[in-house]
Structures are given as structure tokens and as C-alpha cells.
Amino acid sequence: MRIPSLRAQAAITVAVLAAGFALVFFYAPNDADQGFIQKIFYLHVPLATCALAGFIVAAIHAIRHLRTGDAVHDARSYVSIHISVIFGVAVLLTGSIWARASWGKWWVWDEPTLVSFLIVFLLYATYYPLRYAIEDRDRQARYASVFAITAGAFVPLNFIAVRAAQSLVHPRVFATAEGGMPPRMWIAFTVCLAGMALLWTCLVRFELAAKSASAKLSRLRRALEGETYVASGSRIAPGIPSRAPSPS
Amino acid sequence: MNAFRAILGKDLRVELRTLQSVPAMALFSVTTFVIFRYGLDRTTLSGSLAAGVLLATVLFAAILAINRLFVAEHDEGGFDAIRLAPVDGSALLAAKATALVVYLVVLEAIAVPVFGTFFLDDWAGLAPLAGVLVLVDAGLAATGVLVSSIAANSRARDLLVPLLLLPLLVPMLIAAANAAEPMLSAGGPSYAGTGKWLAILALYDVVFLLVGYAVYDFLLED
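Line by line, the protein sequences give chains A and B. Residue numbers for the first sequence follow my numbering, so the first one is 1 and each next one is one higher. Residue numbers for the second sequence follow my numbering, so the first one is 1 and each next one is one higher.
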């Protein structure tokens, strides 16, 4: 399968997300219990799904990085976590807004999914101080991968523990007594989820491209300034492969 | 196995001669109990409050030891020696984890009776609590060794350990606190749901021991 260019993917992402939100507002019915506010579900749940899936993707890249030693997998792992943490902020904000609308409070502690997500988010937020505290590039990449794997194993465990500790009061839009969402909601939700997944991969690709471009730029700049050595990559994404600077 | 025994013996001997971790942890725990006594303004504790105070104190005390676990290896070249020696890196991991468990058991042997004296009317729950604490120690050892060896090679050693470790420990604390709560309840120990929580604790321990075993070589290699 041919992977579309970043520009094409960005266009597809915008189209799918726009179609998804059009379906949400003009096609999917209002929720019988929660009314209009339930529409935030089409934003909140795809964001959360993509963020969690992104953490797992980061762990898989980290495993590949440790197995092969190829720095490109480390860069992918880093960018996956980075975009997922940004999604995580959005998940917590939208979740908080939904909680305020549904239960009248901005934060509800006996709400297992929100609390689990907060803990996962706090753990992944420590990824940055960890990376920046290690100076040696190879070691930084290796330790970051170890962290990504450990944290990847932590995600399901955390959900088990938090869920076991609390009563289930999260709005179960998927599983109601009548046997789930009406098909119109499903369609809107699926399109939104696809759009969000496209957005996630688009942002990851964009950041990887930006990193490799800035690495290339700094290499060219050094070559222009007449330095003889070739430094590798940027500070946070070492050794993103790019063409060697032409001898000039 | 020989390497494991040699490293563990070395660590325990160093601790016995320098007394740098366990006494500090014990002192810290007793002080923390006093802090909680005034912070909560309670002279007796039971149920979830008792479980929370005891477990939070053990957890913070453990961070003191975890901070120091690899300092000597890093400063005195222990890591290089292990890399040079024809032994498996997991021997170091296992020895450090076991040493940490030993420190924690000694700490608890001091801190739990002090806790009982300070706060508990009824000591009957402390015996079954030992089972929970053993699983907590194993979990602390598994995650602590990982985090400590990462932090030892970084610039912000003392900062990274609590920062990385505390979120990792939240699921363990949830399970341990829920298991300990009925054991410390005011009307004498009961065992509602203990099995489920012990199972989650054990699952946590196994997962992080396996993760540690899988990734540890990458923390040593250089």
C-alpha cells in the first residue's frame, strides 16, 4: 500500500473530521438521558482512545528500538508519546467539561476511567524530565525506550486497579440496557474515531518530518560554518536519518 | 547465582557497616507518623485512614532507599565492574531488588509496631497485614530497581526517582490500601475482598518483575 504524502493525509484528516462533526451535529440523535451535552462524547472518547493507543504504539516502537538499536524507532516512540500527552490534556479537559455537565462537578473521583487516565497522564508527563536529565544521546534513547515499555505495561494494570476500586458510574454510552448505541450514533462515532486516528498519525508524521528537517538544517549550517565534524540530529531526537551533508 | 549472592552480600555488608539507608528510613517513618498525628489531628486511626497513613509512610520511606540504591555503583564504578565481569546483568537486578526487600522488611519490622503503638487500639489486624506488606515490598523492589538504575545515570537523580516512581506505584497503592483497610477496621479485622486485592497486587508484582527482567540489560549496556 502506498502511504499518502503528509499534505494529502492532512487534507483527508480535515475532510474526515469535518464530516464526523457534521454527522455528530446534524445526523446523530440527541442522547435520551444527557441531551445535547452528550455530543462531547464524539470528541472525548476518540481523543482518549487515540491517546491510549498512541502510548501502546510508543511501547512497540520502544521494543523495536531496543531490539534493533535504530534511533529512528526511538524518535517515533518519543513523538508518539509527545502527541499522546497533548491528546491527554485534551482528554482531561473534555472529560472535566462532561463531568461538570453530567454530574455538576468539574472533577469526580469515583469515576474510574477519568481517574485512571489522570494517573496514566501523570506518569507519561514524567517522560520529559527523564529524557532531558540524561545527557548521553544513546543512553537517553535507551532509557526512554525502557520507560516507554514499562509505562506501556503500566497502562492496562492501572485501569484494572482503578476500575476494581470504584463503582461504575461513567456514562456507558456503548452498553445501555437496550443493547448499545443506536446505529446513527455508531456511524458518527466511527467517523469521528477514524478522523481522530488520522489526526494523530498526521501530527506524528508532521513532527517527525519537522525534526528530521531541523536536524538536516543544523547539519547544513554547521557545514556552512566550516566545522569538520558531523553532529547527529537534534537534542531530543538524535540521529534521525537524513542525507549526509554534502561536502562543500 | 554466585554473582547474585556476591552482590547481595556486598550490599548488605555495606549497609551494615555504613548504616546509611535503613536507620534513615526508620527515623523518617516515625517522624512521618508524628506529622500525620498532628496533620490529621487524630490519636487513633482505623480502616482506610490507618491503611493510608501506614502505606503512604512506607512508600515515602522506600523512596529514600531507592534513591540511594545505585549511588555507590555509579560513583565508585560498580556498573563498569559488572559490565566487565562475565555475569548476567539480571544478577545485579535481582541482587538489588532483594537488598531493597530486605531493607523494607527491616523497616516494617520497626515501623509497623511503632504505628500500632501510636495509633491502633487493636493489634489483631497487623499479622494478616504482613502478607499485604510482603507483596507491597516485592512491587516496590521491582519498580524501584528499574527507576533507581535509570535515575542513577541521569543529572537529576534525586528528583527523578520520586517523579517517576510515584505514578508507577499508584495502582499498587490502590490495591494495597483496599486490602489493608478491612484488616485495620475498628471492629477487628475482616477479609472482605482481600483475595481480589491480593491478586491485583500479585499481578502488579509479576508484571513489573517480568518487565524489569526483559529490559534490564539495556540499562546496563554502554
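One or more of the hints may lead you astray.
Stated by the list, open to error - Covered, in the sense of this in silico footprint (three residues per stretch, anywhere, with C-beta under 8 angstroms from a C-beta of chain B), are these stretches of chain A: (1) 86-94; (2) 153-165.
What the hints assert, rightly or not - Anything over 10 angstroms on all C-beta distances counts as not near chain B; from chain A, calculated: (3) GLN34; (4) ILE119; (5) PRO129; (6) GLU135; (7) ALA194.
These aren't lab readings, by the way, just hints derived from the structure by calculation. Each residue gets a CB set at the ideal place from its N, CA and C atoms; glycine is no exception.
Structure-based check of each hint:
1. Judged by the Cβ-Cβ criterion of 8 angstroms, the region 86-94 of chain A is not covered by chain B as claimed, because only 0 of its residues qualify and three are needed.
2. Restraint check on the region 153-165 of chain A versus chain B: 9 residues with Cβ-Cβ distances below 8 angstroms, three needed, restraint holds.
3. With a least CB separation of 29 angstroms from chain B, GLN34 of chain A remains clear of the 10 angstroms interface cut-off, as annotated.
4. With a cut of 10 angstroms on Cβ distances, ILE119 of chain A falls inside the contact zone with chain B, its closest approach being about 5 angstroms.
5. Its closest Cβ contact with chain B, about 6 angstroms, brings PRO129 of chain A to no more than 10 angstroms, contrary to its assignment away from the interface.
6. The Cβ of GLU135 of chain A does not lie farther than 10 angstroms from every Cβ of chain B; its closest approach is about 7 angstroms, which violates its non-interface assignment.
7. For ALA194 of chain A, the shortest C-beta to C-beta distance to chain B comes to about 31 angstroms, beyond the 10 angstroms cut-off, and the non-interface label holds.
In summary, the numbered hints that this structure violates are 1, 4, 5, 6.
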